[in-house]
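**Student:** Sequence:
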Amino acid sequence: MLKTLMAGTVLSLALAGAAFAQATPTSGAPKPGGTANAVIQPEPPGLMLAMVQNGPTQMVAGNIYEGLLRYDSALKPLPGLAESWSMGDDGKTYTFKLVKNATWHDGKPFTADDVIFSVELLRQTHARARGNLARVASVTAPDPYTVVFTLSEPFGPFLGIFEVGSLPMIPKHIYAGTDYKTNPANNTPIGTGPYMFKEWKKGSYIRLVKNPNYHVAGKPYLDEIYWHVIPDAAARAVAFETGKVDILPGGSVENFDVQRLSALKGACSTTKGWEFFSPMSWLWLNNRKGPMANKAFRQAVSYALDRDFARDVVWNGLGKPATGPFASTVRYHDAKAAKYAYDPAKAKALLKESGYKGETVRLLPLPYGETWQRWAEAVKQNLEDAGIKVELVATDVAGWNQKTSDWDYDIAFTYLYQYGDPALGVGRNYVTSQIAKGSPFNNVEGYSNPSVDEAFAKGAVAVGDDQRRPIYDAVQKTLVEDAPNAWLLELQFPTITRCKVHDLVTTGIGVNDGFRDAWIDR
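With my numbering applied, the sequence shown covers 48 to 569.
Quick caveat, the hints were computed from the structure, so don't treat them as lab data.
Just so it is clear, CB atoms sit at the ideal spot from N, CA and C, and this is done for glycine as well.
Among the clues, some could well be false.
Calculated cross-link-like contacts (lysine-lysine; reagent style DSBU-like; alpha-carbon spacing at most 30 Å) [to be verified]:
| no. | residue 1 | residue 2 |
| --- | --- | --- |
| 1 | Lys-257 | Lys-78 |
| 2 | Lys-342 | Lys-312 |
| 3 | Lys-436 | Lys-336 |
| 4 | Lys-505 | Lys-383 |
| 5 | Lys-123 | Lys-228 |
| 6 | Lys-393 | Lys-404 |
| 7 | Lys-367 | Lys-312 |
| 8 | Lys-78 | Lys-404 |
| 9 | Lys-367 | Lys-78 |
Quick list of the computed label-pair ranges, beta carbon to beta carbon [said to hold, decoys possible]:
| no. | residue 1 | residue 2 | range |
| --- | --- | --- | --- |
| 10 | Pro-201 | Asn-234 | 34 to 42 Å |
| 11 | Pro-126 | Asp-455 | 38 to 46 Å |
| 12 | Ala-264 | Thr-82 | 21 to 29 Å |
| 13 | Leu-125 | Lys-505 | 28 to 36 Å |
| 14 | Thr-479 | Thr-225 | 25 to 33 Å |
| 15 | Arg-307 | Asp-160 | 50 to 58 Å |
Could you build the full structure based on these sequences and the hints that come with them?
**Tutor:** Given below as structure tokens:
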């Protein structure tokens, strides 16, 4: 049945190259004013970036909060709330000079005390930040606008951890001495960013308004942003066609509509703005119990998956089959570690070896729209063709967060960002220290291997490519053999806009912090 869906995809694939070659043309000096209408899909479960790290949350809240640094498409650091930075000769001391005119949205000044507090808070609430900050021995403030991070040992990717979604700055005067998870400000987020939270009409829209006291002179240009919540995929496409919305961020329309919408008169599209994230999808396999606790069963799952079909049909040619735990855009990716071709016969043999007795396995789809639902159905059929009984378990975004955070699943879809370096975005999914209930973004599968723990620890502190590459080559081979998860695709998410929208994608995280620079030609 799956192969019959191939009909009609050839034209879409042929159009893909032309559609995504477009970029928003320049049109002179930026013009202030105007309203941006964008789609957000799905509706975020919350906007407090220290508590929630779902993709839709980061997309909206990345324009409310800020990090100390921003990053260009080559992942080089740019000024954010820090205007300059330097590293000591020992490789363990980093000094940040903060901007002196930044204020929180309630008018209170942003100072070094907020940085120190944010680090303390994020160590408790943010799984990725907790790992990134593991080697930070102290954070001190010689004066109100200088912050010094002292590391216990050198950490090569350290300057890559300060992006807004990875280390958002949180107001100390709002959160100090409170229960972070129940603080009322979580519902009305207060940042230093170019836009301020104004209104959230659940199921309809989130409204942000211009920060008139933003610390970058002359910015932002837009008066307000409406993030429209449109649950139906066809209705999201119609909203762009009819002019209700001008911006379709990556992933906000179904893949089969991307080429058609990109080709509309006055539409522009780009696949840029995801360089920092390197999004990759896989199946969490709950290593703790049932058939998934057996390595041969996990290997069988990987051999049962038709990744080429997923790319060509479900994702309409967008993306690339994943060959292991490192995306090909991440440093030290080793293509030679690839192992799992589509091989149902091999999957059946491994199932027999594992002693699988026909237990029903619960498969949790990612509730991000029709594309993901179709993919879950395709995977279900792949697994059943290999002899695995599968039950789909439907849920919404909040339910998916809860079930994966509580390890209440057998197999679950996910996609996570890898942040350009294995020490930042890969190790967190496989090291034992990141096995902790309460987050769907760490070692959710429960895999534990002391040799892998040691390798990621050594790779993070090794100096230079010559030292780091052999370490990561070895760890990739081990992970591919152990198959803690079933890797699927490296994803592409084209952003589609009216061509009158300019400078929306100017950094390595694109729309996630792009509205600072965006303007509309009116």
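**Student:** Taking the hints in turn, state whether each one holds.
**Tutor:** Here is what the structure says about each hint:
For the proposed pair Lys-257 and Lys-78, the alpha carbon gap of about 14 Å is at most 30 Å, so the pair holds. Distance check on the hinted pair: Lys-342 and Lys-312 sit about 52 Å apart at the alpha-carbon level, beyond 30 Å; violated. A threshold of 30 Å between alpha carbons decides the hint, and for Lys-436 with Lys-336 the separation of about 16 Å falls inside it, so the pair holds. As the CA atoms of Lys-505 and Lys-383 are separated by approximately 21 Å, the hinted pair is consistent with the 30 Å bound.
The straight-line distance between the Cα atoms of Lys-123 and Lys-228 is roughly 33 Å, outside the 30 Å bound, and the hint therefore fails. Restraint check: the Cα-Cα separation between Lys-393 and Lys-404 comes to about 17 Å, which is no more than 30 Å; the hinted pair holds. Simply put, Lys-367 and Lys-312 have alpha-carbon atoms about 29 Å apart, close enough for the 30 Å limit, and the pair holds. Distance check on the hinted pair: Lys-78 and Lys-404 sit about 66 Å apart at the alpha-carbon level, beyond 30 Å; violated.
As the CA atoms of Lys-367 and Lys-78 are separated by approximately 38 Å, the hinted pair breaks the 30 Å bound. Under the hint 34 to 42 Å, the C-beta atoms of Pro-201 and Asn-234, about 40 Å apart, fit the expected range. For Pro-126 and Asp-455, the hinted distance range of 38 to 46 Å is satisfied, since their beta carbons lie about 43 Å from each other. Our hint of 21 to 29 Å for Ala-264 and Thr-82 holds, since their Cβ atoms are close to 22 Å apart.
Take Leu-125 and Lys-505: their Cβ atoms lie about 30 Å apart, and the range 28 to 36 Å holds. Judged by the Cβ atoms, the range 25 to 33 Å given for Thr-479 and Thr-225 holds: they are separated by roughly 31 Å. At about 51 Å, the CB distance of Arg-307 to Asp-160 agrees with the hint of 50 to 58 Å.
When each numbered hint is compared with the structure, violations occur for hints 2, 5, 8, 9.
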